[in-house]
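**Q** One-letter residues, chain by chain:
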Amino acid sequence: MREVLEGSQAVARTVARCRPGVVCAYPISPQTHIVEALSVMARTGELRDCEYVNVESEFSAMSVSIGASAAGSRAYTATASQGLLYMAEAVYNAAGMGLPIVMTVANRAVGAPINIWNDHSDAMAMRDSGWLQLYAADNQEAADLHVIAFAAAEELGIPAMVCMDGFVLTHATDVLELATQEQIDGFLPPYSPTQVLDIDRPTTIGTMAGPESFTETKYLQHLRFLDAADVVEAWSDRFTEAFGREAGGLAVRYDPDTLDRDRSAPPAGAEDLVVVAMGSVIGTLQEAIAPMRAEGLPVRLVGISAYRPFPREALKAALGESRHIVVIDRALELGSGGVLTGCVGRALAGTGSRIHSVVAGLGGRPILEGSLRDVIARALAGEQRGLEFLDLKTGGVPVPPVGATEVAR
Amino acid sequence: MTQIRIHGRGGQGVVTAAEMLARAGFLAGHEVQAIPSFGSERTGAPVVAYCRFADVPLRTREPVLEPDVVLVQDPTLLGPAQPFAGVRPGGLVIVNTTEDAPWVREHAGDGEVDATVVTVPATRISLDTVGLPKPSAAMLGAYAGRADHVTLAAVQQVFRDRFPGRVGEANATAAAVAYAHVRGEPDPRIVPSAEVSHA
Amino acid sequence: MSGHDAPPTLGLSTGPATSLSYHTGTWRTERPVYVDLAPPCSLACPSGEDIRSWLGSTQEGEAGFETAWRRIVAANPLPAVMGRICYHPCQAACNRGEVDEEVGINAVERFLGDTALERGWALPVPTASSGRRVLVVGSGPAGLSAAYHLRQRGHDVTVREAAAEPGGMMRYGIPAYRLPRTVLAAEIRRIEATGVRIECGVRVDSLDDAQAEFDAVVLTVGAGVAHHVDIPAGAAAKIVDAIDVLRDVASGNAPLLGRRVAVYGGGNTAMDAARTARRLGASDAVVVYRRTREQMPAHPTELEDAVGEGVRVQWLSTISEVSGPTVTIERMELDESGRPVGTGVFEELDADTVMLAVGQEADLSLLSGVDDVDVRDGVIAVDPGTLMTGRDGVFAAGDASPGSRTATFAIGRGARAAAAVDAWLASRVLPAEPVVREAEASRLNAWYYSDAPKQHRAELEAARRVTGFEEVLAGLDAEHAVFEARRCMSCGSCFECDNCFGMCPDDAIRKLGPGMRYEIDYDYCKGCGICAAECPCGAIDMIPEER
Amino acid sequence: MSTVHIPFLQTGTLAVGGRLLDDAERSVQSQADRPSSLTRGHRACQGCAEALAARWVMDTAVEAADGRLVVANATGCLEVFSTLYPESAWKPPWIHSLFANAAAVATGIASSLHAQGRDDVRVLAQGGDGGTVDIGLAAVSGMFERNDDVLYVCYDNQGYMNTGVQRSSATPPSARTATTPAVGRQPGAPQGTGKSMVKIAMAHEIPYVASATVADLRDLEAKVRTAMSIHGARYLHVLVPCPLGWGSSSSESISLSRAAVQSGIFPVVEARAGELTDVQRIRERMDVEAYLRPQARFAHLFKPGGEDALNRWRALAEANIRRYDLLGGRP
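Residue numbers (this note's numbering), protein chains in the order written: chain A, 1 to 409; chain B, 1001 to 1199; chain C, 2001 to 2547; chain D, 3001 to 3331.
A portion of the hints provided could be inaccurate.
To be verified - Chain D regions said to be covered by chain C (calculated; three or more residues, Cβ under 8 Å):
#	region
1	3009-3018
2	3034-3043
3	3086-3092
4	3253-3263
Claimed, not checked - Restraint ranges, calculated between C-beta atoms of paired labels, are given here:
#	chain 1	residue 1	chain 2	residue 2	range
5	C	Ser-2021	A	Ser-39	35 to 41 Å
6	A	Glu-212	B	Ala-1045	56 to 62 Å
7	C	Glu-2479	D	Leu-3327	30 to 36 Å
8	D	Arg-3118	A	Met-1	32 to 38 Å
9	D	Gly-3117	A	Ser-39	18 to 24 Å
To be verified - Residues of chain A clear of chain B, computed beta-carbon distances all greater than 12 Å:
#	residue
10	Asp-128
11	Asp-174
12	Ala-234
13	Arg-323
14	Ser-336
Hints are computed from structural coordinates only; laboratory data are not their basis. Quick reminder that beta carbons are idealized off the backbone N, C-alpha and C, glycines included.
Can you build the whole structure from these sequences, using the hints too?
**A** In C-alpha cells, the structure reads:
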C-alpha cells in the first residue's frame, strides 16, 4: 500500500516488523523521531516481545545492544553524529565480537562547530569499525535497507549501520510502500545467533587475544568482510525478487536517460563522465542529470549503496569503460578531499581514471540541482580542478542576518 | 510540479502543515513530498517547510527555491523571513493576518512581486474552532479555497485522520471557515435561516 | 581460513574452564605443606595423653565419647581420678589462654572418666600372653600405671601393696572431697579386670626374693613418709605430720586437732591439710610458708580453693618455736638470689595443733642392704631413659624415683617403666622418645576462634564445702563437655575448618571428604601463602620451593 | 547482619566451614563440589583477593540462581587474568565487552532474557573500581536508575592495578600510586574522603546495596544470597586487597581486609531502598596502623612527617565508627 509517511516513521515501522527483541534509545537529532515512534509502538503493543530501554547515553545504547545481542536477541538502536562518536568504542567492540546489531545512523555533521544538520562525517568516522554501512538514497530505500541489513548482518555475524541523511530523509515526508509484517516474516529468517550466552552451553565471549592471535582474528574479520559484499548483494537481490523493487545492493546503476534506478542498466562507456555519489544527493542528481542527458551530454550516475564493504568490483563494473569520474562527497578528509573519493580512488587505482572530488552539503548546506549541473558541466569541459567545495562562499564565514530563515541565508 | 513553501514559527505546526499538505495532495492524486527545514526545536523560532506536488515520483532533495505558493503562518515574519523571495511570477501568497493584501505588500520585504496575495485570519479562526493558535488547518483550507492543487475535502480528511475525534473535527471546521473566507463565501458555521427553511 | 565460514567467534570466544590447561604452579616460590605438630597441652602432660585427639573426638558429641575415652586410657588408665586431682599442666600450657581462657581439659577428662564408669566401659584385655611375670611394688598412680601398661603388653602382672587398700597417695593422701573413694576404687577395679592381680596388705621385704619369683620388678613405693624439720617445741606442743592426718582421715580415724591449726609448708599437702583441718572443725587454719606466693609449690587453684574456704596464709614466715598453744614465727625476706632469710623479727600465733607439711620421703627399707641399687637424694637412682635401677631387671618410677611428685608424672613414668620393662624382657633397646615440633601460639590465627569462655564447673558453695567431705567440684554435663572440647583450637593439627580450601584464590586445594582433610594441587598452587596465614591452627608450613 | 548464625563449633561463623557442620549450615565455599565458577589456571597475581572474591560471589550467585546465571565483566584485572585466548577460567556463560559498559551490557542481557521470557536466568555484572566508580559510573548509574534486574558487583582494589597501579577515585588518601607518588609536601593520593560508591548506590534508592570484604566469607555469601533473592538493581561493593598495588605480602590479603573492617576504615553495611538497614560491628577493635603498616603504599606515613596523614586516617576511622555506630555502643 502506498502511503504518505515521514522517513523516520517508515524506518521505525519497518524495524518493528523485523521483530527486534531489544531496542535502545537515547535522543539525538535527527534520529529522535525513529526511537520516539518505536517507543509508541512498544507501548501500544505493535512492537511485541520487545524490551524498549531508555538508556543514559549512546555508549550505553550500544552496550545494551551488545548485551542483548549476545544474549540471543535481535538488537536495534539509532543514533547520529556526536552520539555515534560517543559510542565509538562500543561500535568497534560489537563488530569485533561479531554481534549482528542493526543501527540507523541519521547522518549528521560532527562538531565543532556544533551543527545538527546533515552530512556524512559521523558514519565516515566509523568506516573502519567493522560494521556494514548501507546508505539510503531515499526514504523508501531507508526503510527497505533495514530488512536487508538484519538479514545480511545475521548471516555474516557483522553488525550493520543503515545510514540515512539526517533531516533530508529522516524528517521528510514521501510517498512510500512499506514492507508488511507478513512480507518481512516471510523474508527475514528468525534470529539464530552463532554464539549466545546460554546457560546450557556456557561459553566465554570476549577474551583477550595476545600478539600471537590478534592478527589472525583480524584477518578472519577481514575475510568475512570480503564475503560481505556477496552476502549484501545476494540479500538485496532476494529483496528485489520478493518485493518487486530495488533496494540496497552494492554499486547502484541508473538508466542513462530516465535516470531511474535500474540494475540492468548498461555500464558507462569510455566517453561518459560518471558521477558517483551516496545518500540522498542521488535524488537531486537524478533531477540534475536528466536534462543534461536530454541535451546529449555524456553523463552517467552510479550510486554507492554499500559503502562498507566497499564494492570495488561492482563499482568498476558499473563504471565500465569510463575513466572520468566526479565524486560527490558529503564528508571531508581534512587536508585531502572527499572521503568517498579516496575509496573510489583506491578502487580504481591503476585504471588511469581522472577523479574529481566535490565536497557538498556539509553541515546541512542545501545541494542544489543547478550547482551540481554546473560542476558536472565544468568537469565535462575539463575546467574542473581536483577538489572543489560546492557553493563555497568566499570572504570568510558568512554571518546570517538576524532572525533569518534558511531562505535568507 | 507545484512547489509550496510554508513560513511560520516553532510551535505553530509548520512542519505538520507541510506534511498535512503533502497528505492532502496525495489524496488529491499527486505524487508528493514534504521537507521540513529544521533548526533546533525552539518554540517561536522562524521555521520553513516545503512541499511539492507532481505527477511523477519526486526525486530531488533540494529545498524549494522558487515556490509557486507561499503560506505565511505568522505576519511578523513578513520582513526578516523574506517570504516573497523566489516566488514564481503569478504565484500565490497566503498570509495569516487580520489585515488586507495591501498591508501585506507594504510590510513584506519585496512588495512588488508578481503574485496574488490573499489574507486569512487563520489564527483567529483556529482560536475560534480549535481553541489553540494552531493556524495550519485554516491556512491549508485557505489554500484549497484559492487553488485547485488540493481540495477542502482532502484537507479536512487528513486532519481528521491525524487527529481522530473532536480535534480533527475542529480543524476540519477551521479549514472550512478559512476556505469560505478566502472565497468570500458565508461562514459555514452560520447557517442562514433561509437555507434551513428551504431545506 | 576461508571467509565467513570461520565462526565470527574465533579468537574471541572459548569454552568454559579451558584455563585448566594452564598450570600456574610454576609461579610458586614457596609451597604450602600440611603438617601435624605437637600441641603444648600434650607436651605439657606428664601422663603423655594425646589431649588434642581425645578432645577432637569429644567434639563430635555422643558419637565420639567412647573413642575419646579410649584415646585417654591409651596413656592414662585413671581418667575419672585424674579428671579430679590432676593439677593439669596441660591447661597452663594451652594456647587458648592467649585468646580468652584455656580449655578446661581436666573437666572434660573427668566427664569422660565418669561417663566410662557410668556406662561400664572396660579397658582392653590383652588376648596374647607373653608368659613373663612382672612384680609391681606399690599401687599408687605409678604402680597402677606400670601394671596396666605391662598388662596391655601381655605380661602377667602382680601388684603388691603394703596398705590395706590400693591407691597409694590417691587413697591415703588426697582428701575425699577432692577424690571420692568410689571413683578411685572403680577405676582400680577396671585395671584389675584386665588381669592385673593386686595383693594388698603384702609388704615386699626382699628384692632378691621378688626377683626370684618374677622376671622383672618395678619399684613404685611412693613417698609416704613425712619429712621432719627440727622445731624447738615444748612438752605441751601438739605437732603432727600432715600426711599422717590425711592418712588417718582417709582410713576413717579422724583425729582431734583443736580450733586453731597451723600448717607448716607450702605444697599441695599443706593445702589439703589446711582444708581438712577446716572440715575437722578448726575455725582458724593458717598456712605458714617461708617464701612468697609466686614461689609456692602448691598449685594456684589449690591455694585459691583453700583461701576460698577460709584458710589464711602467712607468707614469708618460718616457725621457730612451738610452745603450748603459741607458735613463734620469724618474718623472712628474700635475698638477692630469691632465698628467704630471717629478719630477726618475730611474732606469735595461737595454734592448738601444728601440722607439718614440709615434704615427704620414700620408704626405701626394701633396699636396705641392696648395694647395687643406688639411692641418691632420698630417691632411687635410675637410668633416665629406661628407668632401670643399678640392678638388672629392677626398675623404679613414681615418687620414689627422681622427678616431679605428682600423680600425673607418676602415671607417665609408670607407663614409661612398663615400656622399658617390656623392651628389657624382649632384649630390645627402648627407643628414645621422638623429637617433636611444638605448635606454638604464634603459629595460630586466633581470629577464627569464636569468643567462648570456659565452662566453669559449678563450684560448691565455699561455706558448704568446709562442712564435710563432699566432692567440691561438680562434673560437666555432656553438653558442656562437648562445648568445652570444642574450645580446643587443635593447635598444629588440621581440624577441617575449610579455610584453606575456601580461601585459596587459585582454587588449587581439593577437599577429600570428612576425616580425609585436603590435598594441594601443586599444578595450580601459586604459593601465595593465604592458606597458611589463615589456617587457624597453624597446620600449614610454607617451605621454599627448590627446583 | 544477614549472616547465617553458626553454632559454636571450634570456629563458629568465622571460618569457611568445619567438619562438624550440618549441610544446611555449610558455606558454599566449604562444599567439596562447589561450583568454582572461577576455576584453576587463571593468571591472577599470587594472593589476589579479587580472584577470591569473584569466585565467592559467583559461586553463591550460581547456587542461588540454581545454575542459571549469566555474567558481564568489565575490562580490568579480573577480565585479563581470567580470559587470555584460548583459555577461560570461567564456568558460567560470561561476556566481556568494554571497560565502562559492564552495567549496560548486563542491562542488555537482562532485557533480552526478559523479552525471551527467560526471567529465570539471572544476570550479574562485575568490574573493578575503575570500571565502576570512574569510567563506568554513568552506565552503573543508568542501570540503577532504571532498576534493571542486574546484580552489579564492584571489586574495589582502590586503583588501576591492571595498568600498573595508577590512582582511581577509589584510591584512599595518602596512598602511593604510579600517578600519586610518595614525594613532595603531601605524598601519595590527595587528602579527602574519595568517592563512596556505596553511598552513591544508596542515593539511587535501589532495592539492595551492601558492602563486604574477603575477611568475612559468611557475610559475603549471605549478602549475595540476599541480593539474588531480590529483583531489580542491586549493588555489592567488595574490598579486595591487591598485593601488587598495595605493596603487601600475598599472604596478607585476608588479614588486611580484616584490619580494614576492625579498624573502622571500611564499614561493612547493608541498605535497602536507600536506607541503611544493617552494619557489621567491630569485633576486635584494631588501630588503623594494623591496616596501614603492612602496605608499602603507606610506608611514608610511618616516616618522619607522616604523623599528620596518619592522624587523618585515625580521624577517618573514628568518623566511620561514629557514623555507622561500628562499636554498637561499646566505648
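**Q** Against this structure, judge whether each hint is valid.
**A** Hints versus structure:
1. 3009-3018: holds (count 10)
2. 3034-3043: holds (count 7)
3. 3086-3092: It holds, with 7 qualifying residues against the three required.
4. 3253-3263: Satisfied; 4 residues make the cut.
5. Ser-2021/C / Ser-39/A: 35 to 41 Å: Taking Cβ atoms as reference, Ser-2021/C and Ser-39/A lie about 48 Å apart, which means the hint is violated.
6. Glu-212/A / Ala-1045/B: 56 to 62 Å: holds, 59 Å
7. Glu-2479/C / Leu-3327/D: 30 to 36 Å: Once the Cβ atoms are compared, 32 Å apart, the range 30 to 36 Å for Leu-3327/D and Glu-2479/C holds.
8. Arg-3118/D / Met-1/A: 32 to 38 Å: Given about 37 Å between the Cβ atoms, the range holds.
9. Gly-3117/D / Ser-39/A: 18 to 24 Å: holds, 21 Å
10. Asp-128: Holds, because the least Cβ-Cβ distance between Asp-128/A and chain B comes to about 28 Å, which exceeds 12 Å.
11. Asp-174: violated, 6 Å
12. Ala-234: holds, 27 Å
13. Arg-323: holds, 27 Å
14. Ser-336: Ser-336/A clear of chain B: closest Cβ-Cβ about 26 Å, beyond 12 Å.
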